[in-house]
Amino acid sequence: MKIMEFCKVLILLSVFWVSAGFAQPSKVLIVNSDNAVFRYGTIASEFKKVLQQNAYQWTEFNLNSHADAEAELKQLIQQENPVLIYCIGTKAYSLARNVASNKKLLFSAAINWRRLDIGEGTYGVANELSSAQEISLLRYFFPTIKNIGLLYNDKFSREYVETIKKDASALGINIINQPINDAQEIGDALNELLPKIDMFWIISDPVVLSSKASVQQIFQSAQQQKKPVYAYSDVFIEQGAVLAISADLATIGRQSASLALMVDKDKVPEGTVQNPAGSTVTLNKCALDALRLNFNQDALDSVNKIVECDK
Amino acid sequence: MKRILPVFFIFSVFITGSYWSAYSNVGSTIYFYNPETNINNFATLKTAFDTYLVNHGGYYFQPFDSRENFEAVIKEKKGDIYLLSSWHLKALQQKNVPLKIALVGTSKGNTMQRKVLSTKKDIADVTMLKNTVVAGAGSEEYIHSVLKQILGKEQEALLKDIKILLVPKDIDAIMAVGFGMASAAISAESGLDKLAMINPNQFRELHSLGFSEKDYLLVAATLKKPEQQEAELLEVLRKMSEADAGGENLKLLGIDGWRAMQ
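Residue numbers (the working numbering), protein chains in the order written: chain A, 1 to 311; chain B, 1 to 262.
In case anyone wonders, no lab produced these hints; they're calculated from the structure.
All C-beta atoms, glycine included, are put in the ideal place defined by N, C-alpha and C.
Hints should not be assumed to be uniformly reliable.
[To be verified] For the chain B half of the interface with chain A, some residues (derived, Cβ under 10 Å), not all of them: (1) N38; (2) N40; (3) A43; (4) T106; (5) R114; (6) F179; (7) G247.
[Claimed, not checked] Straight-line C-alpha distance at most 25 Å; calculated DMTMM-like pairs for lysine to aspartate or glutamate: (8) K121/B x E270/A; (9) K166/A x E205/B; (10) K27/A x E80/A; (11) K120/B x E70/A; (12) K267/A x D122/B; (13) K49/A x D65/B.
Given these sequences and hints, build the entire structure.
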């Protein structure tokens, strides 16, 4: 009889321990490549806000503040046993992948994520908007644009350019692409390309953007031939791009958190990498006025920043 | 130390005095906060509106990204004009803040809008939204309240199993559905019109699962019967669409004019 009583107590205790274990909030480990970098900091801050709202706990590990990051990260993972590791930036992802390949990993802010070593149990939010998102928003501002030209290097950007062409074609836009082997070909390529197009699109191609001089050459030629330039980043606005559309950093943080919560509940297919859901838009009215180029004024409701001419 | 303290005192009086005297010279101000968008365009709004308003009577524009700070200003002020969403206005009126609508924003002739819950056509009804992500532009509280209204009492329980993804603007929310980052979107109906224009293929893939009640677009409100300066500022605001620069400024807020409330 005493043994029976003891067993009952043991079962009750086990149930208590197990349920207490379930009641523990899930823990996420945030590995940041460098929390002093504004974009990484913004993403991390929004990510944490969403975790907090959903009663998740987190621990942060900033690579820039650890001398032996690899060993210390390994130890921290063993100690904390997180349900998921959120990696901000390529450096953070590469290290986490090395030391915790058996853990669920989620990355963001990794430039060109397709070049990462992606394993099972890896999820992510891409750093760049999809070309279809960019073209859709571009059409919002310039609904009459039909022919867009771009330069690219076949080795680095062939797949991306093929995607752009496909996405643009579905929206009735014709992409005229001109491959180059090195930056010295830019001048001739532009001379051939610019007369055929309504707008030039700067894509993130390392050969086309290999130097400041290459970028200057693009803007000078476009200006001479009175062709507007659209760019994937607002760093080109100062040089004269009329419009720049890129991913919104705060949304990347929130979206990553949302994905992390779904991953923790096994509601997301393995290997899911999403495009950023939020965009940020900079419109250069000074450059538009100089070109006497009209844009859809209703699209002003989507602009983050307007650049006017210095008075 | 004995010498430093009086100097510090005189310096403080000078500084605070200059501040308050400068402050008292400021003309009426338009305060703006909109929980129906997350676009970080405050610097652009401030520059564009200040440039216009200073040249039309010496008025100023102050946008806010925090609801708390905006409401704190309403509590402190006795005059001025407040631009806010009608959802926010109602919430404040329920807290006995005596705001009254003076002007309502218009867009293509309409003063009202309703919000729509859009999904891809494979999601046949709202019950399929359990454990999914719904994208929307605005504050979490606002999106939650619109979703609650659309789901109705019968499906209200679903709310706890829906994750809300906040994005900067309506068009981002709707495209998030088309591109697979969210299962559904809350947006203004006009957001769907934009999608139909910029990406008709994606528009055809979507359908609507429900609508909110109609509500005003942005409103301009005052705390009391406008005095002369506020009345003049309201008139400047009402006539903004008549000037090119003023019209462009209004487009930044998603409207194209104002209509006076009788």
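Hints versus structure:
1. N38: Where the cut-off is 10 Å and the nearest Cβ of chain A is about 8 Å from N38/B, the hint holds.
2. N40: Since the shortest Cβ distance to chain A is 6 Å, the answer is holds.
3. A43: This hint holds: A43/B lies near chain A, its Cβ roughly 7 Å from the closest one there, short of 10 Å.
4. T106: 13 Å, violated
5. R114: 17 Å, violated
6. F179: With a minimum Cβ separation of about 6 Å from chain A (threshold 10 Å), the hint on F179/B holds.
7. G247: 8 Å, holds
8. K121/B x E270/A: Holds - the C-alpha atoms of E270/A and K121/B are around 24 Å apart, at most 25 Å.
9. K166/A x E205/B: Satisfied, since the Cα-Cα distance of roughly 18 Å is no more than 25 Å.
10. K27/A x E80/A: Answer holds: K27/A to E80/A is near 8 Å, not above 25 Å.
11. K120/B x E70/A: 44 Å, violated
12. K267/A x D122/B: The hint holds at about 17 Å.
13. K49/A x D65/B: 16 Å, holds
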